[in-house]
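Colleague: Please build the complex by placing chain B on the supplied structure of chain A, with the hints as guidance.
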Amino acid sequence: MAKHRDDGYLSARESRQISRANRKITNEFEKRWKRKNVPESEYLTEMHDKANAVEFDDLHTYFFTDSGTVKSVDGVSFEVPRGKTVGVVGESGCGKSVTSLSLMQLLQRPQGQIVSGEIRLNLGDKAYDITKVPQMAMQDLRGNVVSMIFQEPMTSLNPVFRIGDQVDEVIALHNKELSAQEVRKRTIEAIQMVGIANAEGICEMFPHELSGGMRQRIMIAQALACEPAIIIADEPTTALDVTIQAQILDLLRNLKDKINSSIMLITHDLGVIAEMADYVVVMYAGRVVERGTVEDIFHHPAHPYTIGLMASKPVVGREVKELFSIPGKVPNPINMPNYCYLRDRCDRRLAPCDGDYPCEIAISDTHTVSCYRFYEEYRAQAVADGKDDMSAFGITGGAQDE
Amino acid sequence: MSDATKTDYAPDAPAAPALQDSEAHSDTILQVRDLKKYFPIKGGFMNRVVGWVKAVDGVTFNLKRGTTMGLVGESGCGKTTTGRTILRLSGDKTGGDVLFNGQEIYDLSHEELRHLRTKMQIIFQDPFSSLSPRLPIGEIIGEAVREHGLVPKDQFDDYIDEVMDNCGLQPFHKERYPHEFSGGQRQRICIARALALNPEFVVCDEPVSALDVSIQAQIINLLNELQETYSLTYLFISHDLSVVEHISDTVGVMYLGGLVEYGDKRDIFANPLHPYTKALFSAIPIPDPDAKMNRIVLEGSIPSPADPPQGCKFHTRCAQCMQRCKTEVPEQREVEPGHYVVCHLYDE
Numbered sequence: 000m001a002k003h004r005d006d007g008y009l010s011a012r013e014s015r016q017i018s019r020a021n022r023k024i025t026n027e028f029e030k031r032w033k034r035k036n037v038p039e040s041e042y043l044t045e046m047h048d049k050a051n052a053v054e055f056d057d058l059h060t061y062f063f064t065d066s067g068t069v070k071s072v073d074g075v076s077f078e079v080p081r082g083k084t085v086g087v088v089g090e091s092g093c094g095k096s097v098t099s100l101s102l103m104q105l106l107q108r109p110q111g112q113i114v115s116g117e118i119r120l121n122l123g124d125k126a127y128d129i130t131k132v133p134q135m136a137m138q139d140l141r142g143n144v145v146s147m148i149f150q151e152p153m154t155s156l157n158p159v160f161r162i163g164d165q166v167d168e169v170i171a172l173h174n175k176e177l178s179a180q181e182v183r184k185r186t187i188e189a190i191q192m193v194g195i196a197n198a199e200g201i202c203e204m205f206p207h208e209l210s211g212g213m214r215q216r217i218m219i220a221q222a223l224a225c226e227p228a229i230i231i232a233d234e235p236t237t238a239l240d241v242t243i244q245a246q247i248l249d250l251l252r253n254l255k256d257k258i259n260s261s262i263m264l265i266t267h268d269l270g271v272i273a274e275m276a277d278y279v280v281v282m283y284a285g286r287v288v289e290r291g292t293v294e295d296i297f298h299h300p301a302h303p304y305t306i307g308l309m310a311s312k313p314v315v316g317r318e319v320k321e322l323f324s325i326p327g328k329v330p331n332p333i334n335m336p337n338y339c340y341l342r343d344r345c346d347r348r349l350a351p352c353d354g355d356y357p358c359e360i361a362i363s364d365t366h367t368v369s370c371y372r373f374y375e376e377y378r379a380q381a382v383a384d385g386k387d388d389m390s391a392f393g394i395t396g397g398a399q400d401e
Numbered sequence: 000m001s002d003a004t005k006t007d008y009a010p011d012a013p014a015a016p017a018l019q020d021s022e023a024h025s026d027t028i029l030q031v032r033d034l035k036k037y038f039p040i041k042g043g044f045m046n047r048v049v050g051w052v053k054a055v056d057g058v059t060f061n062l063k064r065g066t067t068m069g070l071v072g073e074s075g076c077g078k079t080t081t082g083r084t085i086l087r088l089s090g091d092k093t094g095g096d097v098l099f100n101g102q103e104i105y106d107l108s109h110e111e112l113r114h115l116r117t118k119m120q121i122i123f124q125d126p127f128s129s130l131s132p133r134l135p136i137g138e139i140i141g142e143a144v145r146e147h148g149l150v151p152k153d154q155f156d157d158y159i160d161e162v163m164d165n166c167g168l169q170p171f172h173k174e175r176y177p178h179e180f181s182g183g184q185r186q187r188i189c190i191a192r193a194l195a196l197n198p199e200f201v202v203c204d205e206p207v208s209a210l211d212v213s214i215q216a217q218i219i220n221l222l223n224e225l226q227e228t229y230s231l232t233y234l235f236i237s238h239d240l241s242v243v244e245h246i247s248d249t250v251g252v253m254y255l256g257g258l259v260e261y262g263d264k265r266d267i268f269a270n271p272l273h274p275y276t277k278a279l280f281s282a283i284p285i286p287d288p289d290a291k292m293n294r295i296v297l298e299g300s301i302p303s304p305a306d307p308p309q310g311c312k313f314h315t316r317c318a319q320c321m322q323r324c325k326t327e328v329p330e331q332r333e334v335e336p337g338h339y340v341v342c343h344l345y346d347e
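If you read the protein sequences in the order shown, they are chains A and B.
Under numbering that gives the first Met the number 0, the first residue of the first sequence is numbered 0, with each subsequent residue one higher.
Under numbering that gives the first Met the number 0, the first residue of the second sequence is numbered 0, with each subsequent residue one higher.
Bound conformation, chain A alone (with noise of 0.2 Å):
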C-alpha cells in the first residue's frame, strides 16, 4: 500500500485504490462465513492438549480499513487451560480486546477478518477450528459453549426489553425443548445465581432502574445462564468503583468453581490479575511478549515492557517520588517496523534489537518471553544441555553479532 509522506497522509485516490483492493479480500472471507450447510469435517480438529479449553495457534486478525492494513493481532499463540483464569493484559489497542473477538467471531465485518491461525476450542469430546466454523454453526456455539461479559454494562443491555426477557432469550434460543415457563424459571435461577436477591421483580424491570454494580451482575447471568465452558470477561470492573469490583470479582470466581469452566480475563489493571488469574499473558502492540504463570510474571518479570506496566502503576502502601513511565509511544499499527516494536521506548536495549522481532524464549518451564535479552542466557543453558543448534530457537542475524 503506497505511503508517500510519514505522517499517514492519504489521498482520495490512494485511499480509494486501497479500499477496492480491500474489498477483493474481504469479500471471499466473507463468502466462506456466509456459506450454508457446511460439513463439520471441515472444521473439526485436534486439540494438541486435552487440558486445555481453548488454544489460540499463531493467530493474525487484521482489519483491512480505508487508510490501510492495521494489523490488530499478529501472532498471537497462547493456551487456556480447563478450569483456570488467564488473564490478558495490556494497553488500550495492543489487541487483547480483538483476540477474545476472534474467538466469539463477533469482529467488526467485513473489515476485521482472521487472516490466518488456528483457534482450537475444545467441545469434551471433539474440538473445532473456529477461524473455520461458518457462521451458521457459531451462532450455536456463542453463549451456549463460549461467552462474553462485556466491558460497558451501561451500553450493553438494550434498553427497549425488560431484563428477563433479555436472559430469556438466551436460554430458549440454545434449549429450544424448554418451554417458556421451564425458560424464566431457569433465568430466575441464574439472575439469583448472580447474588441478586429479588430475582421475580428483576426480570419486569427495564435495565435503566438498575444501577451499574447491578447491570453487570446482570450481564454476567445472561453469560452464564447456559453455563458455557469458556466465559471472556473483557475489562468486566473497569467501569465499577472498587466496593463494587470487590463483590463481582467474588462472584466470577465463585461461579467459575461452580460450573467449571475457564475464564479469559481481560483487563489493564495489574491488581485485579493478581487476584483473580492463574496464568498471565503480557500483549503489546498486537503481539504476545510475555507470558508465565502469576507467579512468574509478579515476582520475575522478564520483559522491559512487563517490568514498566508494573513500576508505572501506583502502589497503595509503596511510597515513590515519582512514577516510573514508559517514554514514547506505541508504533503506528498501519506500519509497524520490522525490529522489536518496543525497541524506541526500550531502556534496556542491546546491540541485537536492531534485528528481526524476537521470537518467544522459555526462561522457565511456564514462562516464556519474546526478548533479546534471554537469548545469551538461553544459549548458554542449551549448550549445557548439549544442543548447541540455536537456529533451531529462531536466533537470526542480529543475535549472533554480540
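Honestly, the hints are just simulated from the structure, not real lab data.
Glycine included, C-beta positions come from ideal geometry on N, C-alpha and C.
Residues of chain B clear of chain A, computed beta-carbon distances all greater than 12 Å: (1) Ser25; (2) Pro39; (3) Phe44; (4) Arg64; (5) Arg87; (6) Gly95; (7) Val97; (8) Glu110; (9) Glu111; (10) Pro135; (11) Glu142; (12) Phe155; (13) Gln319; (14) Glu333; (15) Glu335; (16) Leu344.
Straight-line alpha carbon distances no greater than 30 Å define the calculated DSS-like cross-link-like pairs of lysine-lysine that follow: (17) B:Lys277 / A:Lys320; (18) A:Lys257 / B:Lys291; (19) A:Lys49 / A:Lys125; (20) B:Lys291 / A:Lys320; (21) A:Lys83 / B:Lys291; (22) A:Lys255 / B:Lys291; (23) A:Lys175 / A:Lys35; (24) B:Lys277 / A:Lys255; (25) A:Lys328 / B:Lys173; (26) A:Lys320 / B:Lys264; (27) A:Lys320 / B:Lys118; (28) A:Lys83 / A:Lys49; (29) A:Lys320 / B:Lys63.
Modeller: Coordinates of chain B only, in the frame set by chain A:
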C-alpha cells in the same frame, strides 16, 4: 484593557480589600464550611418540584496553599458536584460557605467572579469531549488568556509556546486540531489550558481515569512537576485510591454527599477509622499474587441521594451499626490532630 483589568482585581494590587483580610489564614487557600448543593426533581402536574437530590450535603474542609487534597468515593457520592460547586460552576449553592483566599465566592458579582476565574481552574475528566473539535490547540489554550488580557499582545505567542512547552507539547502542535492527538496529549492540552491563566487553585476531576496505565504515570508526574513550578494547590478528585495515595497530602473520603473522614494521607491510609473507609481500602486489589486479602465486602449498593437514610447515612451497609446510628446524625469529630471522622463509634 489589560492594564485596567489588572488593577481592578489582582491579588497583589492594593485595591482589593477583601483579600487583605485573608492574611490571618494566608496558608489556607480554600475553606469549605458545611457546603450543600441540592438538585430539584421535577415531575407530576405542572412540572413541580417533587423532591431534592442531595448531591452534596454538608462538606467541611480546609485546604492549605501548595498542597493536594484527594477526594475519593464511589461514583454518585458527590465528588464531582463538590468540585464544581466550589468553583461556582453549577448554579447557586444550597447552603454553606466557600471561602477562597478568605473571600466568599458566592457573594461576588458576575464581573468579580469573572476575574477570579483566572485564579481557580478545572481539568475535566474526559479529554475527548472537553475540547472543542473546531478550534486549533493554540486557540484552545490561548482563548482565555486573551480574553482576560493576561499578557500583552506582542508577547502572546511566546507565552503560549512557553505554557505548551511546560506541559510537554511542541510549538508546532498549535495549528493542529484535537482529533489529531492521543488521549494523553489531549489531557496535556486540558492541563495547559487550565495553567495558561496562571491559577492558584486547580480542581482536577478524574484527570487520569480515561487514560492507560503508562500514560497515567506521565500525566501524574506532569501534575506533580507543575505543582512545584507554579506552587499550585490541587483538589484531586478520583475513584482510584492508589493514584490518590500517590499524589495527595490530605485525603477526604465521601459517602452519599457527605465527607465521612478527612485527614493527612498517612493517617488515613495507615489508620482508617470510619467503617466505610476501612471497607473501601480493603477492596483495593493489590498487584501481588501472594498478598493476603482481608476484604470487608459491603452488602448492597449505595442508597439513593434523593432519599438518604435517616441518622448516619452509612448505617444501612455498616457492619458496626448501633441503635443510635439509625436515628442520630453523627458530627464531625477530630480524633487525632488533623484527622476528622464522622462516626458515632468515636464519640466519647
